[in-house]
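Visitor: Sequence:
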Amino acid sequence: MTIVFIIDLVIPLGVAVGVLYVCCIALLIRERIKVTRRFSILATILTVIVPIITFNDQTTWMAFVNRGISLLAVWIIYFIVVKHRLLDHQMKVYTSKLEIKNKELEQFNYIASHDLQEPLNTINSFSSLLNKQYKGVIDENADKYLDFIQQATDRMSDLVKALLDYGRIGHNMNIERVDCNLILKDVRSDIDALISKTNTTLLINDLPEINGYETELRLLFQNLISNAIKFQGKQSTPVIKIGATLETNQWIFFVKDNGIGIEKKYKDKIFAIFQRLHPACEYEGTGIGLAHCRKILDLHGGNIWLDSHLNQGTTFHFNIPA
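Residue 305 in my numbering sits at position 305 of the sequence shown; the count goes up by one each step and never skips.
No wet-lab data here; the hints were simulated from the structure.
Ideal placement from N, C-alpha and C gives every residue a C-beta, glycine not left out.
Just to be clear, a hint being listed does not mean it is correct.
Said to hold, decoys possible - Simulated crosslink set (DSSO-like; lysine-lysine; CA at most 27 angstroms straight-line): (1) Lys83 x Lys132; (2) Lys264 x Lys230; (3) Lys101 x Lys241; (4) Lys103 x Lys92.
To be verified - Here are the simulated distance ranges between beta carbons: (5) Ile123 x Ala193: 26 to 34 angstroms; (6) Gln151 x Leu203: 35 to 43 angstroms; (7) Leu87 x Glu263: 43 to 51 angstroms.
Hey, can you work out the whole structure from these sequences and the hints?
Guide: Here is the structure:
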């Protein structure tokens, strides 16, 4: 900055001096805000001093206008630097908080997998023993109470496991090229017993290869297909169609079924964690499957939505960048 001032003193640079001072200040972008402010004030003083020192009969009003423009440039870059520093600080604070939250989540997963499961297993074991040894010995009410305890502990265990699975989504951050046709083949093999039991018809179009997380994508398709099979009318046989189309640099997938459908007012609610539209006695499950799907699509930079009418089936759509 001293060199710029000396050059400006010998050969008045006009607006150009502002550009040179701006370049000097820009080099301080990683310094403290106080340091940048001091240099900006110094640049202001030096810029103003030169026309006063070099003032003569040939000096015109344009010289002062040029200096004003220079000062404006200096302080604009100063505020840009300050804004950058503040954003950088906020980002560091946010990242630090995020790391703390992730550690808390990992700790919670550990507690859920050990501390919560242990008492549940104990209750389950002793209720099974009571049910085995004393069923029919006391009275019918006692038998009902034991059954309720058994069902409640089983459901609680399922909920804890589902919560753990939800927390694990995204831990494997190795993105790779994934063939969706192979994923559907694996999913079909995994739930083959359910497909055979319900006489489900799966109609799968040729699907693309995408960049994604293989394990999470397999869970996505498995949840959507399992839901399509589960939520059927009493007299209907599941027919599920799966396909994808390329639209503006993204793949739009669909999973269409002929099930019981979903009322319009519940279209957002069903993606929330542990939200159920039907009692567990009618349709089994934990109410977390579609929450899994939304989290998986968030992980892939996509979204999931649906078209549905009550008793007319449901079509789930989701997009993933091509």
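Visitor: Taking the hints in turn, state whether each one holds.
Guide: Results of checking the hints against the structure:
Restraint check for Lys83 and Lys132: not satisfied, since their Cα atoms lie roughly 70 angstroms apart, outside the 27 angstroms limit. Restraint check for Lys264 and Lys230: satisfied, since their Cα atoms lie roughly 20 angstroms apart, inside the 27 angstroms limit. The suggested pairing of Lys101 with Lys241 is violated, with an alpha-carbon distance near 40 angstroms, which exceeds 27 angstroms. Using a Cα cut-off of 27 angstroms, the hinted pair Lys103 and Lys92 holds, with the two alpha carbons roughly 17 angstroms apart.
Ile123 and Ala193 have their C-beta atoms about 29 angstroms apart, which keeps the hinted 26 to 34 angstroms range intact. For Gln151 and Leu203, the Cβ-Cβ distance of about 37 angstroms falls inside the hinted range of 35 to 43 angstroms, so the restraint holds. With their beta carbons about 44 angstroms apart, Leu87 and Glu263 fall inside the hinted range of 43 to 51 angstroms.
The structure is inconsistent with the numbered hints 1 and 3, although it conforms to all the rest.
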